[in-house]
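Those sequence lines, one after another, are chains A and B.
Throughout the first sequence, residue numbering follows the numbering used here, covering 4 to 182 in sequence.
Throughout the second sequence, residue numbering follows the numbering used here, covering 859 to 1028 in sequence.
By construction, these hints were calculated from the structure, which means they are not laboratory data.
Among the hints, erroneous ones may be present.
[Stated by the list, open to error] Covered by chain A, according to a simulated footprint, are these stretches of chain B (three or more residues, beta-carbon under 8 Å):
#, segment
1, 867-880
2, 955-967
3, 979-986
[As the list claims (entries may be wrong)] Here are the simulated lysine to any residue pairs, SDA-like style, with alpha carbons at most 25 Å apart:
#, chain 1, residue 1, chain 2, residue 2
4, B, K933, A, R158
5, B, K1001, A, T73
6, B, K933, B, H954
7, B, K992, A, M4
8, B, K933, A, V181
9, B, K933, A, H39
10, B, K933, A, D35
11, B, K933, A, Q79
12, B, K992, A, D177
13, B, K933, A, T73
14, B, K933, A, L70
15, B, K973, B, L1011
16, B, K973, A, I178
17, B, K933, A, L92
18, B, K992, B, A934
19, B, K973, B, V951
20, B, K933, A, A75
21, B, K933, A, E155
22, B, K933, A, A99
23, B, K973, A, A99
24, B, K933, A, E78
25, B, K1001, B, A978
26, B, K992, A, R89
27, B, K933, B, K973
28, B, K992, A, R179
29, B, K933, B, F883
30, B, K933, B, E908
31, B, K992, A, V130
32, B, K933, A, M4
33, B, K973, A, D177
34, B, K992, A, T73
35, B, K933, B, A987
36, B, K992, A, P175
37, B, K933, B, I950
38, B, K1001, A, T139
39, B, K992, B, G1008
40, B, K933, B, E979
From a predicted model like this one, the values you see are computed outputs, not experimental measurements.
Don't be surprised by glycine CBs; every beta carbon is placed ideally from N, CA and C.
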Amino acid sequence: MTAYRIWDPFVRLFHWSLVALFAANALFVEDDSTAHEWIGYAIAALVVLRILWGFVGPRHARFAAFLPGTRALTEQIGDIATRRRRAHLGHTPLGALMIVNLLLTMLAICISGYLMTTDAFWGIEWVEEMHEVFVTWAEISVLAHVAAVLFESHRTGVNLPRAMVTGTKRVPDDIRIVE
Amino acid sequence: MTRSKEDNIPLLMGLIAVQSLCAAFFLWDVLNDIGPDGLRALANLHIAIEALAALALVSAIVFETRYLMRLLRRKAHLEDQVSIAAGAFHEIVLAHFDRWGLTPAEADVAMFTIKGFSIAETARLRGSAEGTVKAQLNAVYRKAGVSGRGALLGLLVDDLMGAPLIERAG
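Input sequences plus hints: build the corresponding full structure.
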């Protein structure tokens, strides 16, 4: 095992705060309460900060470092097809797609949710429907994200959930490393 | 010929992604339609046709994904070979692998071995332990019914030259 410091404190704080706040709003907090609104604002602020961090943050947090091309995607799926084990130090190409998807979906939820509180859009059905569709999409995405993280951890032997807690990826010595 | 097939990979990946979204939507729609009536709702022709279409789409996605995985396995070994001879040899080798029932990992290991990589090199390229590669290689030899690397190569080369040694070996 070799340890690599990958995730900076902000990325980890962002990840787990988003988990807690999204779970709170989707599952526990009353939908038309003020708590629901404030949690929504907090999520919006977090996502905006994360997007800024994607331009100015350390290497592995930057979009420029992890937004994948078709070549990288092809190679990762090829590794899965041939059962080859290669570890990505930062986000994997498929994982990066999921991050972009989740960030955009969170923004869409926040915007549609905010519109529901404005005079102009209050009580208008399609806004409410958009909000619910995006939330359902986010829930499906979260399930897919968790399943993919477990699959990749099993496939490569790198404990990815642990890395998102400690910031350090422990990579088995016989594995190949990409980047 | 083999080139054009592999140029389709990004297109195929995109298609699978879009179709998965559509399939998820239609399945969700069908499940909503079926609702409290359970399977009896399928007596409604409209719902039955919707359900059938959704299932057909799902099986198309499964089929495409398997095809994509095949293409990617090919690509993993053909990256630097463009000659027709290399492509033809590769076809024959893959046909044998299929017949022997090699797993994707065993096929990958066998391909590296045929290309002359040592066990240590194969392990490094695949990111696995040498012991794992040895075990996989032994399974390949056992399934092919040969004693070792030389015999495996002989079998494949003979077949390429038109002498169906495989019939006698099998």
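Hint check:
{"no.": "1", "hint": "867-880", "in the structure": "holds (count 3)"}
{"no.": "2", "hint": "955-967", "in the structure": "holds (count 5)"}
{"no.": "3", "hint": "979-986", "in the structure": "holds (count 6)"}
{"no.": "4", "hint": "K933/B x R158/A", "in the structure": "21 Å, holds"}
{"no.": "5", "hint": "K1001/B x T73/A", "in the structure": "36 Å, violated"}
{"no.": "6", "hint": "K933/B x H954/B", "in the structure": "18 Å, holds"}
{"no.": "7", "hint": "K992/B x M4/A", "in the structure": "22 Å, holds"}
{"no.": "8", "hint": "K933/B x V181/A", "in the structure": "18 Å, holds"}
{"no.": "9", "hint": "K933/B x H39/A", "in the structure": "50 Å, violated"}
{"no.": "10", "hint": "K933/B x D35/A", "in the structure": "53 Å, violated"}
{"no.": "11", "hint": "K933/B x Q79/A", "in the structure": "12 Å, holds"}
{"no.": "12", "hint": "K992/B x D177/A", "in the structure": "14 Å, holds"}
{"no.": "13", "hint": "K933/B x T73/A", "in the structure": "14 Å, holds"}
{"no.": "14", "hint": "K933/B x L70/A", "in the structure": "23 Å, holds"}
{"no.": "15", "hint": "K973/B x L1011/B", "in the structure": "9 Å, holds"}
{"no.": "16", "hint": "K973/B x I178/A", "in the structure": "21 Å, holds"}
{"no.": "17", "hint": "K933/B x L92/A", "in the structure": "24 Å, holds"}
{"no.": "18", "hint": "K992/B x A934/B", "in the structure": "21 Å, holds"}
{"no.": "19", "hint": "K973/B x V951/B", "in the structure": "11 Å, holds"}
{"no.": "20", "hint": "K933/B x A75/A", "in the structure": "13 Å, holds"}
{"no.": "21", "hint": "K933/B x E155/A", "in the structure": "22 Å, holds"}
{"no.": "22", "hint": "K933/B x A99/A", "in the structure": "23 Å, holds"}
{"no.": "23", "hint": "K973/B x A99/A", "in the structure": "34 Å, violated"}
{"no.": "24", "hint": "K933/B x E78/A", "in the structure": "10 Å, holds"}
{"no.": "25", "hint": "K1001/B x A978/B", "in the structure": "22 Å, holds"}
{"no.": "26", "hint": "K992/B x R89/A", "in the structure": "19 Å, holds"}
{"no.": "27", "hint": "K933/B x K973/B", "in the structure": "15 Å, holds"}
{"no.": "28", "hint": "K992/B x R179/A", "in the structure": "18 Å, holds"}
{"no.": "29", "hint": "K933/B x F883/B", "in the structure": "32 Å, violated"}
{"no.": "30", "hint": "K933/B x E908/B", "in the structure": "37 Å, violated"}
{"no.": "31", "hint": "K992/B x V130/A", "in the structure": "60 Å, violated"}
{"no.": "32", "hint": "K933/B x M4/A", "in the structure": "30 Å, violated"}
{"no.": "33", "hint": "K973/B x D177/A", "in the structure": "21 Å, holds"}
{"no.": "34", "hint": "K992/B x T73/A", "in the structure": "33 Å, violated"}
{"no.": "35", "hint": "K933/B x A987/B", "in the structure": "24 Å, holds"}
{"no.": "36", "hint": "K992/B x P175/A", "in the structure": "19 Å, holds"}
{"no.": "37", "hint": "K933/B x I950/B", "in the structure": "15 Å, holds"}
{"no.": "38", "hint": "K1001/B x T139/A", "in the structure": "48 Å, violated"}
{"no.": "39", "hint": "K992/B x G1008/B", "in the structure": "16 Å, holds"}
{"no.": "40", "hint": "K933/B x E979/B", "in the structure": "19 Å, holds"}
Hints 5, 9, 10, 23, 29, 30, 31, 32, 34 and 38, counting from the list given before, are not met by this structure.
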